[in-house]
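S.K.: Residues per chain, in single letters:
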Amino acid sequence: MFLQGAGMTVYLTVTSALLAFIIGAFVAIMRIGPIAPLRAVASVYIEIMRAIPLLAFIILFLVALPKVGIIYSTTVSAILTLGIYTGAYVAEALRAGFRTVPKGQIEAARALGMTFRGMFLNVLLPQSIRSVIPPMGNLLISNIKATALAGAVGVKELYWVSARVNFDSARSIAVFLLAAICYLAIALPTGFLWRKLEARMKIVR
Amino acid sequence: MSKDSNFLFDDMGPRALRRVRIGSAIAVLLIIWVLWVVYHRLEVNDQFEARRWELFIHPGTWKFIAGGLVNTMIAAVITACISFPLSILMALARLSKNPLLSKPAVAFVEFFRSMPLVILVLFIAVTAPTSGIFKMSGLWILVTGMSMYYISVFSEVVRAGIISLPSGQREAAKALGMNYRQTMRLVELPQALYAMTPAIMSQLLFLVQDTSIGYIIPYEELLRRGKNIESFQPISILQTYFVITLVYGVVSLSILWLTNRIERSRNLSAPRSPKGTPSKGA
Chain A
0 MFLQGAGMTV
10 YLTVTSALLA
20 FIIGAFVAIM
30 RIGPIAPLRA
40 VASVYIEIMR
50 AIPLLAFIIL
60 FLVALPKVGI
70 IYSTTVSAIL
80 TLGIYTGAYV
90 AEALRAGFRT
100 VPKGQIEAAR
110 ALGMTFRGMF
120 LNVLLPQSIR
130 SVIPPMGNLL
140 ISNIKATALA
150 GAVGVKELYW
160 VSARVNFDSA
170 RSIAVFLLAA
180 ICYLAIALPT
190 GFLWRKLEAR
200 MKIVR
Chain B
0 MSKDSNFLFD
10 DMGPRALRRV
20 RIGSAIAVLL
30 IIWVLWVVYH
40 RLEVNDQFEA
50 RRWELFIHPG
60 TWKFIAGGLV
70 NTMIAAVITA
80 CISFPLSILM
90 ALARLSKNPL
100 LSKPAVAFVE
110 FFRSMPLVIL
120 VLFIAVTAPT
130 SGIFKMSGLW
140 ILVTGMSMYY
150 ISVFSEVVRA
160 GIISLPSGQR
170 EAAKALGMNY
180 RQTMRLVELP
190 QALYAMTPAI
200 MSQLLFLVQD
210 TSIGYIIPYE
220 ELLRRGKNIE
230 SFQPISILQT
240 YFVITLVYGV
250 VSLSILWLTN
260 RIERSRNLSA
270 PRSPKGTPSK
280 GA
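As you go down the protein sequences, you meet chains A and B in turn. Going by numbering that gives the first Met the number 0, the letters in the first sequence line up with residues 0 to 204, in that order. Going by numbering that gives the first Met the number 0, the letters in the second sequence line up with residues 0 to 281, in that order.
No wet-lab data here; the hints were simulated from the structure. Cβ atoms here follow ideal geometry from the backbone N, Cα and C, with glycine treated the same way. Take every hint as true, because none was put in to throw you off.
These stretches of chain B come out as covered by chain A in the derived footprint (C-beta under 8 Å, 3 or more residues):
(1) 22-31
(2) 112-121
Here's a subset of chain A near chain B, in silico, CB distances under 7 Å, partners left out:
(3) Pro-33
(4) Ile-34
(5) Ala-35
(6) Pro-36
(7) Ile-51
(8) Ala-55
(9) Ile-58
(10) Ala-63
(11) Lys-66
(12) Tyr-158
(13) Ala-178
(14) Ala-179
Bound-form chain B, shown alone (with noise of 0.2 Å):
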């Protein structure tokens, strides 16, 4: 944290010193004060009775939960499958110099980007057929709706990761004799993809929290699961969403830490900022 912050001040003389002090001080007695206020809201409304939280001692409520992690991580695994791959097709159809394939695709991702996505949820919800052989469950319902979206997210990424790469890179591809596929696959995509890493991992993390729109579906994920806890056991919604939220948040900083893993690994292993000194934040 301080690595961030100590080229911004010199080392403090004792009258600063002694002012951070203060200020620490007043600092923790407010973090306190807030602390003790919403514990003191909770406790008048009674909510750290044992007979709320008991349901959580219970092996099943948990099994619940889990089963309700893995119908999450589920959704997010086959949405990131098919957006992905889909995805790359979708910015390099935006970047070809044939209007018949850049014009549609710029109104594709432009139209899914900017639409909620519960609203495209929704939507297909509404509309999918309920019977018949191209009946689709929750799980389809949110998929589709999710991919929609995250092809054009995850478009944009690779098409700005394509546009970042120096323009040599391009004319030396075809100055060897490259055709467009081979420059693509050879020279520029995995260029592309390795800068954007960063990105394509913070996105997926979002990929992971929106699959709690199954929520409105609904499909059986963590979120929903937490609903049926609730209904199950009223006395007990704001322990349930309050321990549903920790589990999400659990897996979010898992991913989080991976992510950090994968920059700080490509930091050590690959200084490919200009003069070979490590890109900042190494």
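Just chain A, with the same shape it has in the complex (with noise of 0.2 Å):
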């Protein structure tokens, strides 16, 4: 039971993971890009993301909307809840992460005559990556965290495992460090794995 949580916790940290990026890079580029109803849609949803709590916005959704006859299935709004609201952060980060790359750098790229795409995409996005890669990694532990909220709504994972089994059983110390263990052995890999990354993408200057 604890195995199954655990794996419906990983699948749900990289799901909305990944949809989080996806989300957070195209809010990314709308926000610094020359079209200004995109950059507009872009920072009212950044700060109405930073404004409210998750699980606000996990029951707003996940517990309000099916009660009056708007349904999807728990585990598909689960996953965009979770990306949504993580996506948010990411496109932060993004946006810290380009003003990491020195103005002179764009400027000699406009002066060399490239276009809004490619100094983009050859000058700012390859360097500021790179910068971004530590935030993006705190963004990912707290998405695995993030991912136990979704079980106090009812989706089958960890901490909805642990809940349920200490209901049913008095062991709740047990209980309460099968989980912890859980978390651990997926959260600390993922950190250890992380930091390699970050050495290996590390700018040598």
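Take the two lone chains and join them into the complex the hints point to.
M.R.: This is the structure:
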């Protein structure tokens, strides 16, 4: 049962992280691009997501919406809500990354006659992606933890399993430790691998 | 907004301007379409009927919500007051050369940082004594769980602040004959905390938002109050959670606004970045 829960946690984490990255990348580009309405939408979206607690967001979409007849599968909605929520933070991280590239490089690219797209793909992105890896790792780890909130509304992942077992049996300490070990077993290797990636991708100046 | 982006491209010529204008028009149409779809879905499900909203005409509802907000703030303030001072001690312990201090600190921080807060709070809620002298109310269950977590989080922030100080600061303090306590109290900690204020503020925002986990214990904070309203008036479920989310939004935005203000006033008063130029984002 715990293994199934852990599997669900990993599944939720990976899918929602991918979704968040895609959303985040799009929003970050919208945020710095020349089209004003898209820029406004992007910043409104980021502000809204930063301003509401994830649990309130999840309850709004996974508890309230189905009860009024707008129903999607729980797992799919969980992935969507987590992805949309984390996407805003990914966008913020990417934007902060864009800012780490010295202005002179962008001006140089422009002076060379590069278009916005050329400058973005060949100058800005390759460099900022590297400085963005550490914050992305933090976001990934917090995404693992965020999936636990989806358990609170009935997605059958680790939190749900341990809450369930807790009510069935009185051995709550053992259950807690088991859940803790599962989370550590997911989070610590992720952090370790991420630090490896960080070391590999580091810019050696 | 455009402040961030205006160095990314040149002033646009007529062709680019036209393209941007067309793009803007398409974008506006798309936005309107999305909003209309959302509106339509809700309309089809009768979510705009007056009877679903009339709950929020009564001042009693708002008093109830305000009470929840007060409880949220109580939990947040207590947690912050407990966890922040302890986190400084934890950071110092982790930086200590004595392995008897640093090893347990590392274990504590890493353990509580990788645990989801919900599990922690649930565990405390299940094992906490419900009777006797050590009876724990929902508030204290929530505060205990959150404090464990935020001690680890803040201690990492403080530690990063201390590490990032130039080592010359410590050496200079030593050269002046200061002992460890004086160095920390007078030289390193003030600078580290000053440098880390933005990070601390953003964690404080998370702290306030995380009190919503009181929902599961239950502790009568904002989100839980939403559930109470909903069970009292089931037809207004979506409206209730919408309003609750809105209240969270207002609270968070005021914290964000405060954060920005602090940062701005710092940038104006103390140009600390190299060569006296005010740091970026001023």
